[in-house]
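> The lines below spell out each chain.
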Amino acid sequence: MLMALALKKKGKAGARRGNSSGQTARPGRQPKAVVPETAERRAGYPNLSWIETDPFYVQDRDFDYGERLGLPGEYPFTRGIHRDMYLGRLWTMRQFAGFGSAFETNRRFKYLLSHGETGLSVAFDYPTLYGYDTDDPHSEGEYGKCGVAVSSLEDMTVLFDGIPLDTVSTSMTINGPASVIWAMYLGAAEAQGVSKSRLRGTIQNDVLKEYIAQKSFIFPPAPSMRLVIDTFEYGMHNVPSWNTISISGYHIREAGSTAVQELAFTLADGLEYVRQGIERGLDPNLFVPRLSFFFNAHNDFFEEIAKYRAARRIWAREMKESFGLTSERAMKLRFHTQTAGCTLTAEQPENNITRVSIQAMAAVLGGTQSLHTNSLDEALALPTEKAVRTALRTQQIIAYESGIPNVVDPLGGSYYVEWLTDQMEERAYRIFDEISMYGGVIGAIERGYFQKAITESSYRYQKEVERKERIVVGVNEFTTDEPLEIPTLRLDPKGRDRQVARLRKLRRTRDRSKFESAMNRLRKIAEGEENTMPAILDAVRAKATLGEVTGVLRDVFGEYSEQQII
Amino acid sequence: MARKIRVLIAKPGLDGHDRGAKVVARALRDAGMEVIYTGLHQSPEQIVQTALQEDVDAIGLSSLSGAHDVLFPRVMELVKKNRMKVLVTAGGIIPEEDIPALKKCGIAAVFGPGTPIDDIVKFHKERLSQKG
Chain F
1 MLMALALKKK GKAGARRGNS SGQTARPGRQ PKAVVPETAE RRAGYPNLSW
51 IETDPFYVQD RDFDYGERLG LPGEYPFTRG IHRDMYLGRL WTMRQFAGFG
101 SAFETNRRFK YLLSHGETGL SVAFDYPTLY GYDTDDPHSE GEYGKCGVAV
151 SSLEDMTVLF DGIPLDTVST SMTINGPASV IWAMYLGAAE AQGVSKSRLR
201 GTIQNDVLKE YIAQKSFIFP PAPSMRLVID TFEYGMHNVP SWNTISISGY
251 HIREAGSTAV QELAFTLADG LEYVRQGIER GLDPNLFVPR LSFFFNAHND
301 FFEEIAKYRA ARRIWAREMK ESFGLTSERA MKLRFHTQTA GCTLTAEQPE
351 NNITRVSIQA MAAVLGGTQS LHTNSLDEAL ALPTEKAVRT ALRTQQIIAY
401 ESGIPNVVDP LGGSYYVEWL TDQMEERAYR IFDEISMYGG VIGAIERGYF
451 QKAITESSYR YQKEVERKER IVVGVNEFTT DEPLEIPTLR LDPKGRDRQV
501 ARLRKLRRTR DRSKFESAMN RLRKIAEGEE NTMPAILDAV RAKATLGEVT
551 GVLRDVFGEY SEQQII
Chain E
1001 MARKIRVLIA KPGLDGHDRG AKVVARALRD AGMEVIYTGL HQSPEQIVQT
1051 ALQEDVDAIG LSSLSGAHDV LFPRVMELVK KNRMKVLVTA GGIIPEEDIP
1101 ALKKCGIAAV FGPGTPIDDI VKFHKERLSQ KG
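Those protein sequences? They're chains F and E, same order as listed.
Just so we're aligned: 399 in my numbering is position 399 of the first sequence, and the numbers increase by one with no gaps anywhere.
Throughout, my numbering is defined as the position within the second sequence, counted from one, plus 1000.
Calculated directly from the structure, the hints in this document are not laboratory data.
Please read these numbers as outputs of a predicted model, since none were measured by experiment.
In this text, a Cβ means the ideal position worked out from N, Cα and C, and glycines have one as well.
Among the clues, some could well be false.
If you want the ones that stay clear, here's a sample from chain F, every Cβ over 12 Å from chain E, calculated [said to hold, decoys possible]:
id : residue
1  : D125
2  : L129
3  : P137
4  : G141
5  : G144
6  : F217
7  : A255
8  : K320
9  : E321
10 : I404
11 : R508
12 : M519
13 : V556
Some but not every residue of chain F turned toward chain E, in silico, with C-beta under 7 Å [claimed, not checked]:
id : residue
14 : F96
15 : S216
16 : A379
17 : L380
18 : T384
19 : V475
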């Protein structure tokens, strides 16, 4: 049976465009109301940003192809940043992985590479994310659980043992202590004899979204931003192929934002980093090309595709027109995508494979540069090897069987997709205006604007699920009583003790005077204004641990705590 | 007039996933309870201290990082040590096989992903109305 069509309110189309002429609906939209043939479904079809869609879309006679789209690989890059997109090279299949010790995660990395993964992505455990060593009292109960514990250069070296760092690209999800972890990676590469100029990869390093959503912040905003800009500066001179930031909407979305909010908040963060880099005196044509992005792939298929396309167009326009950049590379928004963890259900977990497939297709149709597909068991525990393999296979099926990558931007010119792309862009700009009323991103963070907006969206969505206005298959509809039969990954119970023993030995056996002089120099530089990266690198080379280096920075910079908003 | 049910929603450990905790906090408040939210990064000691100060009837612990197996029993130890009469429940990403141990140490219920909010509201109302 065909789906019932929604009844539309008169003149709403025009009103939504901010156009008072109401009835003269914008070309591109179906102008007349359509009466539903049957009321079996529901009265309206809002997407996940509560944008009401029309029953169908028609050609927009005013649509300016050159202005809105351009060819693939051409400004404003709506259709993608490469002329040949996936024809030349597929996206990087990059599975986020990490648990237990560096030894265990090294084995998981090799397993993934042996199954056709093309890039690495490191998940660190909570203590590492907060800059604590495994044996710190704050780390209690958290060792190795949400990722791998890396407390020293030695751990980092073990993590990449047998993996040549000049051929693999590595993404590291680390924010507060990003410069310390990056320094350890640079140190591990040194130990392999690989020069910095040959390293490729990404540190997430996006502290703004930590305050907004992910909440693994350490320092207050000003010193945090200083550390970030330090990495931009250090990277452009020393590690030229490294992405020194991955400006992330993923966590904003996971915390409950809409797609439009994810888009707008993330790009607003991006613009703030560009501004602050310029304030430092860096040449934006040189550092902006190393900024990368990270988006979520949620359930509403076309909304997600439109989001990625709008992101590219907004970024290109802002870089060229607002900032006056001339480097085309600086105008190209490159992004990683991860399917939405928050859409995974603990009930009937096999259904998650289907969800992930749809989300991954949206990412590919939206022109992602790399992709992580979630595993079916992640609403229950860390994924097992088999579950991770199935997730990787999902990407490989899209890549090699579906034919989707064989044509560049196959949805370009779809009446609906182009309309929705415009909608995403327009609504993002409205949010930019709101943010500027708070004096910018940092003012808005300090006043709780983002946190409130996300909490509202998340609660509104949840209430709709509770009322069954949104169906979640297997959760509030199509449920079964069958018991859950799925193996989950268990961590080695002795792992923590071994890690702590190694760490204590490291502290006992290192060259005391070398360590102390490196730490003193780090403190002095942190207190001043010089770039912190060289001193951090020297400290980790002198076998200072993550907790020790971050501890010095904590002393100098102080710690941040947020206001509570529910 | 009867005293409102007072609930502390708490985030033990370093876990930053606060979406679920906030949704539950909002829902309990909308259902007429008084809700106090600890915010992130609380130690078991801090949580129990807040519960004592706020004289709550119930504590809801949320963790999605896997640290529940260590941190939740620690909270329960402190609850017992202080002879507190509170209803303690838990939520988050908690594997099925961990639930018996949590219940054994005194956690009254574990609300996993997909639990209807209404179930959580009803559970608190039923268990706490007997207190009078």
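> When you look at the beta carbon of F217/F, is every beta carbon of chain E farther off than 12 Å?
Its Cβ does come within 12 Å of chain E, the nearest being 9 Å, so this is violated.
> Was the hint right that V475/F lines chain E, CB cutoff 7 Å?
holds (4 Å)
> Is R508/F truly not at the interface, in the sense that its beta carbon sits beyond 12 Å from all beta carbons of chain E?
The assertion about R508/F holds, with a minimum of 27 Å to chain E.
> Does the claim that E321/F lies off the interface hold, with its Cβ farther than 12 Å from every Cβ of chain E?
holds (36 Å)
> Min Cβ distance, F96/F to chain E: is it shorter than 7 Å?
violated (15 Å)
> For I404/F, is the shortest CB-to-CB distance to chain E above 12 Å, so the non-interface label stands?
I404/F is indeed farther than 12 Å from all Cβ atoms of chain E, at 30 Å.
> Would the least Cβ to Cβ distance between M519/F and chain E come out above 12 Å?
Label holds. Min Cβ-Cβ 24 Å, cutoff 12 Å.
> Would you settle whether the hint for S216/F is holds or violated, based on the nearest Cβ-Cβ distance to chain E being less than 7 Å?
Because about 5 Å separates S216/F from the closest Cβ in chain E, which is inside the 7 Å limit, the hint holds.
> Hey, does the A379/F contact hint survive, CB to chain E under 7 Å?
holds (5 Å)
> Is the nearest Cβ of chain E still more than 12 Å from the Cβ of V556/F?
Correct as stated: the minimum Cβ-Cβ distance to chain E is 21 Å, above 12 Å.
> Does P137/F really sit off the interface, with its C-beta more than 12 Å from all C-beta atoms of chain E?
Nearest chain E Cβ is 8 Å from P137/F, so the label is violated.
> Taking C-beta pairs only, is G144/F more than 12 Å away from all of chain E?
With a cut-off of 12 Å, G144/F comes too close to chain E, as the shortest Cβ separation is near 9 Å.
Of the numbered hints listed earlier, those contradicted by the structure are 1, 2, 3, 4, 5, 6, 7, 14 and 18.
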